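We have chain L; now place chain E onto it with these hints.
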Amino acid sequence: MSAWHLALAGVFTRTWVNAYTTGLPRRTGGERREEIASDLWEQATGAGLEGESPGAAAAHIFGRTVLGIPADVAWHLGELKGEDMEMSIGEKSVVGVFAVLGIATVVFGVLLGSNGIVDGWLNDSPLDFFYGVLILASIIGQFVAVAGVYAWRRADSEGRSTKKARSMIVAGTLGIAVLGGAYVVGGDQPGHRSRDSGLLGLQDQPMA
Amino acid sequence: MRRKKGALVPLEISILAACINLALSGLKESHGFLIAKQIGDQQGARMLTAHGTLYKALGRMAKGGLLESRWEDPVIAAEESRPRRRFYRVTAEGQAALRAARAPAPRSTGASVTALV
Chain L
1 MSAWHLALAG
11 VFTRTWVNAY
21 TTGLPRRTGG
31 ERREEIASDL
41 WEQATGAGLE
51 GESPGAAAAH
61 IFGRTVLGIP
71 ADVAWHLGEL
81 KGEDMEMSIG
91 EKSVVGVFAV
101 LGIATVVFGV
111 LLGSNGIVDG
121 WLNDSPLDFF
131 YGVLILASII
141 GQFVAVAGVY
151 AWRRADSEGR
161 STKKARSMIV
171 AGTLGIAVLG
181 GAYVVGGDQP
191 GHRSRDSGLL
201 GLQDQPMA
Chain E
1 MRRKKGALVP
11 LEISILAACI
21 NLALSGLKES
31 HGFLIAKQIG
41 DQQGARMLTA
51 HGTLYKALGR
61 MAKGGLLESR
71 WEDPVIAAEE
81 SRPRRRFYRV
91 TAEGQAALRA
101 ARAPAPRSTG
111 ASVTALV
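Keeping their order, the protein sequence lines are chains L and E.
Each residue of the first sequence is one higher than the one before, counting from 1 in this note's numbering.
Each residue of the second sequence is one higher than the one before, counting from 1 in this note's numbering.
Think of the hints as simulated: they come from the structure by calculation, not from any bench.
Among the hints, erroneous ones may be present.
[As the list claims (entries may be wrong)] Pairwise CB distance ranges (calculated): (1) L:S114 x E:G65: 50 to 60 Å; (2) E:G44 x L:V170: 43 to 53 Å; (3) L:A59 x E:R70: 17 to 27 Å; (4) L:A59 x E:A62: 22 to 32 Å.
[Said to hold, decoys possible] So, partial list: chain E residues that the calculated Cβ filter (under 10 Å) puts toward chain L: (5) H31; (6) G32; (7) F33; (8) K37; (9) R46; (10) T49; (11) H51; (12) T53; (13) L54; (14) K56; (15) L58; (16) W71; (17) A77; (18) R82; (19) P83; (20) R86.
Just so we're clear, the structure is a prediction, and the values are computed from it rather than from any experiment.
Even for Gly, the Cβ is constructed at its ideal location relative to N, Cα and C.
So here's chain L without its partners, still in its complex pose:
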């Protein structure tokens, strides 16, 4: 994996595999991670790159990962219950929509937050910088909340206290709500320009 596209697609796929194998027996999760690592390697090297540019190969890997999310979720649940689970088309669609929305939210949030920070830095605008940080922090809040859900399930299945996991869910959710809310509300305040500029592609306009 020399091209950065491929490296990025690999990181995305491995992150997802690590996420959905969390909470499973060590051997089961480890074998799935190894199998996907091998698949990624094969696709990124000779066999997968026949006539495919690194960018196209990366998009291909990304697509294979995203399209497999409903099956991954079903597999995870099945392994927990010790039986093979099949999802209906409706269930697959719901999981797929949430997966795409989640990915889009994270990508858009990271772009928007980074843009706010860079804009604020370059234009000497503390407000833009501050709101950029808020958006990135709310994205981190999402990760904390999701990690909390996994930690809860794991602690519950192992008979340990779930207090720490519940705290993570509450902190993550509050982070998303408070920080996201502060951005939305603050963005409408007079003098704040970040929602009318930069990534959204609109012209800077003085607020009335």
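Just chain E now, with coordinates in the frame of chain L:
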């Protein structure tokens, strides 16, 4: 949704056929990516089977006795500086299941399967 016990879904038929075609071309065992590539070639699809869909099916088929799997010797993988592969091969039960699923199909497929038994 639960499927009918013993019935093969289209992906399982494709996996069995891919493994058998690869075996006929000299590869007695195949790893997941190779199987996905073979399925893609057979179906003329540009997009390979999604990771989750493929490995869930392979695991289910191995548990069900249609495929048998083994992990590659880690020394070989280390020597080639790559992750170790998990190899699959079709069992006699898998061949029989494919034959049954393709019972009304043309003879050529049946002959290929029989050649491996």
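Okay, the hints, checked on the actual structure:
no. : hint                       : in the structure
1   : L:S114 x E:G65: 50 to 60 Å : holds (51 Å)
2   : E:G44 x L:V170: 43 to 53 Å : holds (51 Å)
3   : L:A59 x E:R70: 17 to 27 Å  : violated (33 Å)
4   : L:A59 x E:A62: 22 to 32 Å  : holds (30 Å)
5   : H31                        : holds (6 Å)
6   : G32                        : holds (5 Å)
7   : F33                        : holds (4 Å)
8   : K37                        : holds (7 Å)
9   : R46                        : holds (8 Å)
10  : T49                        : holds (7 Å)
11  : H51                        : holds (4 Å)
12  : T53                        : holds (4 Å)
13  : L54                        : holds (7 Å)
14  : K56                        : holds (4 Å)
15  : L58                        : holds (8 Å)
16  : W71                        : holds (8 Å)
17  : A77                        : holds (8 Å)
18  : R82                        : holds (5 Å)
19  : P83                        : holds (4 Å)
20  : R86                        : holds (5 Å)
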